[in-house]
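Student: Chains as they are written, first to last, in numbering that gives the first Met the number 0: chain A, 0 to 373; chain B, 0 to 369.
In case anyone wonders, no lab produced these hints; they're calculated from the structure. Accuracy of the hints is not assured; some may be wrong.
Calculated pairs, DMTMM-like style, for lysine to aspartate or glutamate (alpha carbon to alpha carbon, straight line, at most 25 angstroms) [claimed, not checked]:
#, chain 1, residue 1, chain 2, residue 2
1, B, K279, A, D251
2, A, K370, A, E120
3, A, K175, B, E307
Heads up, incomplete: computed chain B residues facing chain A, CB under 7 angstroms, no partners named [stated by the list, open to error]:
#, residue
4, R93
5, V123
6, I224
7, P305
8, G338
9, L339
10, D340
Keep in mind the model is a prediction, meaning the values are calculated, not measured. Even glycine gets a Cβ: it sits at the ideal position worked out from N, Cα and C.
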Amino acid sequence: MKVLVILQSLLNVIKKELSQTMRDRRMLSTLIISPVLQLVVFGYAIDLDVDRIPTVICDQDGTPRSRELAQAFFADRTFLHSGDVLEPGAAQADLEDGSAAAAVIIPRGFALLVARSDAPEVQVLVDGTDATRAQVAANAASQFLLTQGIGTEPNVQPRAAGASLAFRVMYNERLKTPVYMLPGVLATLLLNVTALVTAMGLARERESGTLEQILVTPIRPSVLLAGKCLPYILFGLVDILAILLLGNLIFDVPFRGSFGVIALGSFLYLFSTLGIGIFIASFSASQQQAMLGAFGFMLPAMLLSGFMSPISSMPPWLRPFTMLIPMRHYVEIMRACLLKGAGTGDLAQQMIALAVLGVGILAISVARFRKRLT
Amino acid sequence: MNRAFRRTMAIAHKEVLHIIRDARSVYMALGLPVVMLMLFGYGISQDVDHIPLSVADEDRTPASRRLSEGLVAAADFVRVEDLPSADDAEAAFRSGRAKAVLAIPRGYGRDLGRGLPAVAQLLVDGSDGTTATIAMGDAAGLVQATSSGRAARASLTEGPRVRARFNPGMRSAYNMVSGVIVLILAMVASLLASLTIAREWERGSMEQLFATPVSRVEIVVGKLIPYTGLGFVQTLLVLTLGSYMFDVPIRGSPVTLFVSSTLFLLAMLGTGLAASIIAKSQLVAVQFAMLVSYMPVAMLSGFMFPIENMPAWLRGLSMVVPGRYYLTTLRGVLLKGNGLDVLAGDVLALAFFAVATLALAVWRFRRRLS
Numbered sequence: 000m001k002v003l004v005i006l007q008s009l010l011n012v013i014k015k016e017l018s019q020t021m022r023d024r025r026m027l028s029t030l031i032i033s034p035v036l037q038l039v040v041f042g043y044a045i046d047l048d049v050d051r052i053p054t055v056i057c058d059q060d061g062t063p064r065s066r067e068l069a070q071a072f073f074a075d076r077t078f079l080h081s082g083d084v085l086e087p088g089a090a091q092a093d094l095e096d097g098s099a100a101a102a103v104i105i106p107r108g109f110a111l112l113v114a115r116s117d118a119p120e121v122q123v124l125v126d127g128t129d130a131t132r133a134q135v136a137a138n139a140a141s142q143f144l145l146t147q148g149i150g151t152e153p154n155v156q157p158r159a160a161g162a163s164l165a166f167r168v169m170y171n172e173r174l175k176t177p178v179y180m181l182p183g184v185l186a187t188l189l190l191n192v193t194a195l196v197t198a199m200g201l202a203r204e205r206e207s208g209t210l211e212q213i214l215v216t217p218i219r220p221s222v223l224l225a226g227k228c229l230p231y232i233l234f235g236l237v238d239i240l241a242i243l244l245l246g247n248l249i250f251d252v253p254f255r256g257s258f259g260v261i262a263l264g265s266f267l268y269l270f271s272t273l274g275i276g277i278f279i280a281s282f283s284a285s286q287q288q289a290m291l292g293a294f295g296f297m298l299p300a301m302l303l304s305g306f307m308s309p310i311s312s313m314p315p316w317l318r319p320f321t322m323l324i325p326m327r328h329y330v331e332i333m334r335a336c337l338l339k340g341a342g343t344g345d346l347a348q349q350m351i352a353l354a355v356l357g358v359g360i361l362a363i364s365v366a367r368f369r370k371r372l373t
Numbered sequence: 000m001n002r003a004f005r006r007t008m009a010i011a012h013k014e015v016l017h018i019i020r021d022a023r024s025v026y027m028a029l030g031l032p033v034v035m036l037m038l039f040g041y042g043i044s045q046d047v048d049h050i051p052l053s054v055a056d057e058d059r060t061p062a063s064r065r066l067s068e069g070l071v072a073a074a075d076f077v078r079v080e081d082l083p084s085a086d087d088a089e090a091a092f093r094s095g096r097a098k099a100v101l102a103i104p105r106g107y108g109r110d111l112g113r114g115l116p117a118v119a120q121l122l123v124d125g126s127d128g129t130t131a132t133i134a135m136g137d138a139a140g141l142v143q144a145t146s147s148g149r150a151a152r153a154s155l156t157e158g159p160r161v162r163a164r165f166n167p168g169m170r171s172a173y174n175m176v177s178g179v180i181v182l183i184l185a186m187v188a189s190l191l192a193s194l195t196i197a198r199e200w201e202r203g204s205m206e207q208l209f210a211t212p213v214s215r216v217e218i219v220v221g222k223l224i225p226y227t228g229l230g231f232v233q234t235l236l237v238l239t240l241g242s243y244m245f246d247v248p249i250r251g252s253p254v255t256l257f258v259s260s261t262l263f264l265l266a267m268l269g270t271g272l273a274a275s276i277i278a279k280s281q282l283v284a285v286q287f288a289m290l291v292s293y294m295p296v297a298m299l300s301g302f303m304f305p306i307e308n309m310p311a312w313l314r315g316l317s318m319v320v321p322g323r324y325y326l327t328t329l330r331g332v333l334l335k336g337n338g339l340d341v342l343a344g345d346v347l348a349l350a351f352f353a354v355a356t357l358a359l360a361v362w363r364f365r366r367r368l369s
């Protein structure tokens, strides 16, 4: 009997929350359309394969041999020929004003030295202000120069003998960025839809005093919170479905694992993010504080989740903290399940961590919220 | 004129009181940049190392051990476990224990001894593409180095031939500090501004404001002033910490830095105010502001993802992202020592966005109650 009453009041709160959200068309588009839009832009933008680096050539030698080298330099699309200059100084100027990001300087006498099997010095300057691109440009350039045999005596080493290493990339053979970034993007977008929206929503109710009004009704605080949160789990699940579908259609993100694993992981993750939202709301006196608090959590969480830079390369003191970030476990689950077809057995550790975090955060925040209200 | 100024200042004063009274918000607004900078600087290195490696050594000869130990000794790899056979690689990847598996087949040492080609395999987990790319690059360099003395010399002497200009160590901190400034200013300025006017609508205090002779422009400008001040404090904070902790230089003219920072702040505040005016509810306004200012700055400014790599339509879209121009001026001033002569175009673009967003805010601002 009592259970029925509780269930009834829970349904009522959900209905109220849903109709309130659905009535505001802008809110609805915030929850559903905007995450999908962001995914599409993000998916196209995060193509991290650095290529088409604008490169200026300073060929002081001007021989067929040096021209050949310059031409070969642009053979793959890593570098893009942006212009020719005569003096190294002009090449530097191009780097300074940003019209080129790399410069190749072929010195006078280059062909002569090559003909004598001597070691000519070809200089490559890269613009280091963009470290990622500079790294790629530098690596590609030195690889190229190595294969051209410049700087060392060419053709001395027999290629066949000796040790060599064959590479095989698994699960994402062409190393396409959107494929492995999508789980992280999904986790971030869900964090926004659940944590930020609940934190601000609860803070708004407190600001306007409607929370107190509901509390004088026989609805229990925990039922009220559950009723306010469940609709967002629903929106979150809709987002997940939409994003996985679009990710598969546009960016060829595979779906190799089982649906059950995805559903379980997503549920656990959404519980923890909602818990974080309530936790932040329990500290906030205004929507402004809730917003800042939510971002104060979201931004570091994004960085520590390992989706932008691997956790294994973080300093040792920082690594344990990442265990406390639900996003980290969720990203691992999604990557493993979508790309590698991992099952619950493989992911037991991450699932347990997520469950513990989810229940823990939710319990603490509900307790805190109750105390604040009564 | 004098009266308009006084009214604007009164609004600004009211907004300053709002900010100061809510000390917790100020702490968070100032603490967040510091936390971000620390995380980006100390935690998030773009230099991938300590890649967890499993070794499936089916050969078990001195030569195979030399290969696996050489790979680990390069410090980029950390040996996490030994697998009995290469068939176990999948399980190691699925559970996430290893990001790379070195599989050395039986006969590797024998072939090497006979001068025959000996091929070991490095399997990398493509579900973490960043690590996979770095792992392959590192391993390739290393194997070349261990397989023959000549190749080792070649890869060691590549250093002086390829030099990074302006940022000789290619330190990600240099790139990072300018990026964090752009990101933080975009976020805090636009999001905080997006709350201000919506808040007045929600609380009903907008009606009271309309009962006074204050005009739309005066409200917008009055709200702008305190948040511009807050933005300056943040910029200074990140710049000071950046140069103190990460030795980021300021090589160019401080005036250019000041002018472009102001213009960028105004553009971000204008975007936030416009979002606030259009949305009329704080929750929706924040989402608007995030969608039109913070997200584009994070994704399309060129901080995290190089613009040249984007498809043409996104490159076009990035032209209307003010953060892109601000990032160029920041990098130019801080690292290259550029002045207004080089950066005039970017500064002009920033000025355009500042004027355009503020004009949009004022234009959409109706002095009437719906």
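Student: Hint by hint, say whether it matches the structure.
Tutor: Outcome of the hint check:
1. B:K279 with A:D251: 39 angstroms, violated
2. A:K370 with A:E120: Roughly 73 angstroms separates the two Cα atoms, so the pair is violated.
3. A:K175 with B:E307: Holds, at about 17 angstroms.
4. R93: 4 angstroms, holds
5. V123: 5 angstroms, holds
6. I224: Since chain A brings no Cβ nearer than about 18 angstroms to I224 of chain B, farther than 7 angstroms, the hint is violated.
7. P305: Because about 5 angstroms separates P305 of chain B from the closest Cβ in chain A, which is inside the 7 angstroms limit, the hint holds.
8. G338: 11 angstroms, violated
9. L339: 13 angstroms, violated
10. D340: 9 angstroms, violated
The structure fails hints 1, 2, 6, 8, 9, 10 (numbered hints given earlier, in ascending order).
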